[in-house]
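*Asks:* These are the residues of each chain, in order.
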Amino acid sequence: MMSMFQIFNVSGSAVSAQSQRLNVVASNLANVDTVAGPDGQAYKARQVTFQTEMMGQLGQAGAAASAGVKVSNITEDQTPGRKVHDPKHPQADAEGYVTYSNVNAVEEMVNMISASRSYQNNVEVMNTAKTLLMKTLQMGQ
Amino acid sequence: MLNNLTNTLDFQGQALALRSERQRLIAGNIANADTPGYVARDMDFAQALREATGSQAAASVPAATQAGHIGLGSGLAGARAESNLLYATASQTNLDRNTVDMDRERANFADNSVHYEATLRFINANVRTMLEAIKGQ
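Order-wise, the sequence lines are chains P and C.
Residues 1 to 141 (the numbering used here) are what the first sequence spells out, left to right.
Residues 1 to 137 (the numbering used here) are what the second sequence spells out, left to right.
To be clear, the hints were calculated from the coordinates, so they are not data collected in a lab.
The beta-carbon is built from N, C-alpha and C at its ideal position, and this holds for glycine as well.
Check each hint, because a few of them may be wrong.
[Said to hold, decoys possible] Footprint (simulated), chain P over chain C, 3 or more residues, beta carbon under 8 Å:
(1) 7-13
(2) 17-25
(3) 86-100
[As the list claims (entries may be wrong)] With a straight-line cut-off of 25 Å between C-alpha atoms, the simulated SDA-like cross-links for lysine to any residue are:
(4) P:Lys135 <-> C:Thr8
(5) P:Lys135 <-> C:Phe11
(6) P:Lys130 <-> C:Asp96
(7) C:Lys135 <-> P:Lys70
(8) P:Lys135 <-> C:Thr99
(9) P:Lys88 <-> P:Lys70
(10) P:Lys135 <-> C:Gln12
(11) P:Lys130 <-> C:Val127
(12) P:Lys135 <-> C:Asp10
(13) P:Lys130 <-> C:Asn4
(14) P:Lys70 <-> C:Asp10
(15) P:Lys70 <-> C:Phe11
(16) P:Lys70 <-> C:Leu95
(17) P:Lys135 <-> C:Asp96
(18) P:Lys70 <-> C:Met102
(19) P:Lys70 <-> C:Asn7
(20) P:Lys130 <-> C:Asp10
(21) P:Lys135 <-> C:Gly37
(22) P:Lys135 <-> C:Ser113
(23) P:Lys44 <-> C:Leu95
(24) P:Lys135 <-> C:Thr129
(25) P:Lys70 <-> C:Thr129
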């Protein structure tokens, strides 16, 4: 029955990875109209990359490792930001252009929906595993 | 005599352990639904159960023929051995080479939990039957 308990580790890692993704999406969406950050550069959209993380004893006879998830790294989108001609803007350059962040709001919304669906799926997996374990506890009564 | 009583229980116990193993596999697939390059896995339940309960000689499990070999063991080891796990092909191709089909995994997960619960009920009924027989009322 120990493999049932591992579900909490697996789904828990997925939930935490998805919430990190949601966090990044929130930060991107918040900065969709940012003109310049503390370093004077426009905000660059961030994106998380997931990686499978083997949990449990790998390679031991009798226990195939379970596949959890982790965020392997967060990459910054290097495409140039949106340029808007607005000579009166305090951040405008010599030619009168203001560089906004390169966040694509539509893409981020899609990313957000996908992350929240995945999050819900994993929570449901944990709920089912918990129900089954509770019923296992009552075995033979 | 006692053997006859517990044989069914043993079988159901093996089935229950395998079901929980499969549940864990599917949970891993659902967790990795967004991981690039992840290949979904599943087990051939009927084959695994056959090997676990020994109703068929575990032909696919390599035998330890020399002193240095590490045997795959008996019982559940056959079911958990990597040789019994299968890879899923993508039902719809996508760019990140992930082969998790969420609909399929959700269906498998629901199917497996129902079977798990059914096995639990079989065990409970079996225990109740045996207790009834022992009490002899």
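*Asks:* If a hint holds in the structure, say so; if it doesn't, say that too.
*Replies:* Hints, verified against the model:
no.: 1; hint: 7-13; result: violated (count 0)
no.: 2; hint: 17-25; result: holds (count 6)
no.: 3; hint: 86-100; result: violated (count 0)
no.: 4; hint: P:Lys135 <-> C:Thr8; result: holds (20 Å)
no.: 5; hint: P:Lys135 <-> C:Phe11; result: holds (19 Å)
no.: 6; hint: P:Lys130 <-> C:Asp96; result: violated (32 Å)
no.: 7; hint: C:Lys135 <-> P:Lys70; result: violated (54 Å)
no.: 8; hint: P:Lys135 <-> C:Thr99; result: violated (32 Å)
no.: 9; hint: P:Lys88 <-> P:Lys70; result: violated (45 Å)
no.: 10; hint: P:Lys135 <-> C:Gln12; result: holds (15 Å)
no.: 11; hint: P:Lys130 <-> C:Val127; result: holds (23 Å)
no.: 12; hint: P:Lys135 <-> C:Asp10; result: holds (19 Å)
no.: 13; hint: P:Lys130 <-> C:Asn4; result: violated (33 Å)
no.: 14; hint: P:Lys70 <-> C:Asp10; result: violated (38 Å)
no.: 15; hint: P:Lys70 <-> C:Phe11; result: violated (37 Å)
no.: 16; hint: P:Lys70 <-> C:Leu95; result: holds (20 Å)
no.: 17; hint: P:Lys135 <-> C:Asp96; result: violated (38 Å)
no.: 18; hint: P:Lys70 <-> C:Met102; result: holds (19 Å)
no.: 19; hint: P:Lys70 <-> C:Asn7; result: violated (43 Å)
no.: 20; hint: P:Lys130 <-> C:Asp10; result: holds (24 Å)
no.: 21; hint: P:Lys135 <-> C:Gly37; result: violated (36 Å)
no.: 22; hint: P:Lys135 <-> C:Ser113; result: holds (11 Å)
no.: 23; hint: P:Lys44 <-> C:Leu95; result: holds (24 Å)
no.: 24; hint: P:Lys135 <-> C:Thr129; result: holds (19 Å)
no.: 25; hint: P:Lys70 <-> C:Thr129; result: violated (47 Å)
In summary, the structure is inconsistent with hints 1, 3, 6, 7, 8, 9, 13, 14, 15, 17, 19, 21, 25 from the numbered list given earlier, while agreeing with the others.
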